[in-house]
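Visitor: Protein sequences, first through last, are from chains Z and P. Here this note's numbering is used: the first residue of the first sequence is 1, the next is one more, and so on. Here this note's numbering is used: the first residue of the second sequence is 1, the next is one more, and so on.
Possibly wrong hints are sitting among the right ones.
Per the computed footprint, the stretches of chain Z lying under chain P, defined by three or more beta-carbons under 8 Å from a beta-carbon of chain P, are [what the hints assert, rightly or not]:
#: 1; segment: 10-18
#: 2; segment: 59-65
#: 3; segment: 78-88
Some but not every residue of chain P turned toward chain Z, in silico, with C-beta under 8 Å [as the list claims (entries may be wrong)]:
#: 4; residue: Ser45
#: 5; residue: Ile77
#: 6; residue: Ser80
#: 7; residue: Ile140
#: 8; residue: Pro144
#: 9; residue: Leu201
If you're looking for bench data, these hints aren't it; they were derived computationally from the structure. Yeah, the Cβ is synthetic: ideal placement off N, Cα and C, and Gly gets one too.
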Amino acid sequence: MRLDVVLLGFALSAVVMISRMAPFALLSGRSLHPRLRKLIEIMPGCAIAGFIATWAIPGDGEALLDKVPLWLGGLTAMAICLPTGRLLIGMIAGLCVASLSSLIL
Amino acid sequence: MRKGLKDGTTIGLAASLLGLMYSLAALEAGLRPLETVFYSAIVYSAAVQFAALGTENALPAILTMLSGCVFISSRNILMSLDMARESRGRLWELLSMAGLVDAAWAMSRGATREDFWGYFYGQAIAIYILWMIGAVAGVIVPVPDHPAVSAAFAATPVVFFSLMISLIWRNGTNKLPHLATMVLTVLAAKLVGLPATFAALAGASVAAVTFVLLLPMDQTEEEGKE
């Protein structure tokens with residue numbers, strides 16, 4: 001393995017692991033104001049929703065139609081997982097719909 | 001813990017697809033097979049690993065990429081803070097945060113208080129093992145070069161995170177701040193012109209803070225006592 005790749009890997013790992021462990025270590029066992037507690041509870045879901053939106057909207061040089069398969073795939077997965085909780089079926093069905101619709105559109 | 005392993009295996013199969021997809025993209029970007037597996041083993045964050053692909057060796061480029069990864073990892077900070085509410089002060093709980101991925105967090109939200117940590121450990125282990133199997137498969141198994149396969153790989157992050165949101169919603173979390181975040185993110189990226197990652201975080205922050213401030217204090221306190 002190349003040294004620069006290894007060093008970059010460790011740097012990335014440090015960023016990720018600090019972001020996962022440091023907040024836990026800092027907040028563990030402390031009592032919080034109810035509003036702050038509620039904010040902490042809903043913020044991760046909001047961040048995930050935001051990232052979904054960034055992936056599902058067209059970037060520079062992309063048309064709206066290019067992203068339609070992603071929407072259809074995501075919506076299919078949600079339509080299966082929300083009522084049933086079946087993750088694997090949702091994943092497979094979502095990917096199948098996305099790939100088939102990309103061939104059609 | 002057994003239930004965590006079982007549930008983690010289900011979502012881990014989906015995570016293995018992400019691992020496979022990363023390996024294929026990394027090989028195409030010029031990483032060697034062993035380096036690709038090394039990244040998946042120690043970084044263990046698909047979003048960060050994808051962001052780092054193709055980075056040049058110049059220091060400014062590396063610093064720019066690392067700052068972008070800090071932004072992307074900000075949701076880890078939020079999930080870690082949320083997990084700290086369940087802490088009983090044990091060292092194992094802190095160490096297990098190394099396996100705090102979106103799927104593990106989203107599924108733990110629905111776990112019972114009594115077996116919260118056993119459930120989390122079980123699924124964190126299962127997801128990591130299957131992620132690595134996917135990553136290794138990506139460097140050794142030939143994948144057919146077909147537009148349908150490429151489209152499935154391109155859709156994997158959106159489908160995966162759609163499942164995460166579904167899991168959170170199934171646990172009874174209010175959908176309103178999440179839907180508001182999506183709208184605000186699109187507006188921030190397309191109308192204001194903010195970079196995509198920053199737009200997502202700005203949208204999430206505005207939606208979440210507004211929601212919590214508008215929520216009646218009684219409701220917030222009752223939920224806090226549960």
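Visitor: Now look at each hint and say whether the structure bears it out.
Guide: Each hint, compared with the structure:
Proximity of the segment 10-18 of chain Z to chain P, defined as three or more residues with a beta carbon under 8 Å from a beta carbon of that chain, is established by the 7 residues found. Coverage of a stretch by a chain is defined here by at least three residues with a beta carbon nearer than 8 Å to that chain's beta carbons; for the segment 59-65 of chain Z and chain P the count is 1, and the condition is violated. With 6 residues having a Cβ less than 8 Å from any Cβ of chain P, the segment 78-88 of chain Z passes the three-residue criterion, so the hint holds. Because the beta carbon of Ser45(P) sits about 5 Å from the nearest beta carbon in chain Z, less than 8 Å, this interface hint is met.
Satisfaction of the interface hint for Ile77(P) is found here, the shortest Cβ-Cβ separation to chain Z being roughly 5 Å, below the 8 Å cut-off. Because the closest C-beta pair between Ser80(P) and chain Z is about 4 Å apart, less than 8 Å, the hint holds. With its C-beta approaching chain Z no nearer than about 17 Å, Ile140(P) sits outside the 8 Å limit, and its interface hint is violated. For Pro144(P), the shortest C-beta to C-beta distance to chain Z is roughly 12 Å, which exceeds 8 Å, and the interface hint is violated.
Below 8 Å, beta-carbon pairs count as interface contacts, and Leu201(P) has one with chain Z at about 7 Å; its hint therefore holds.
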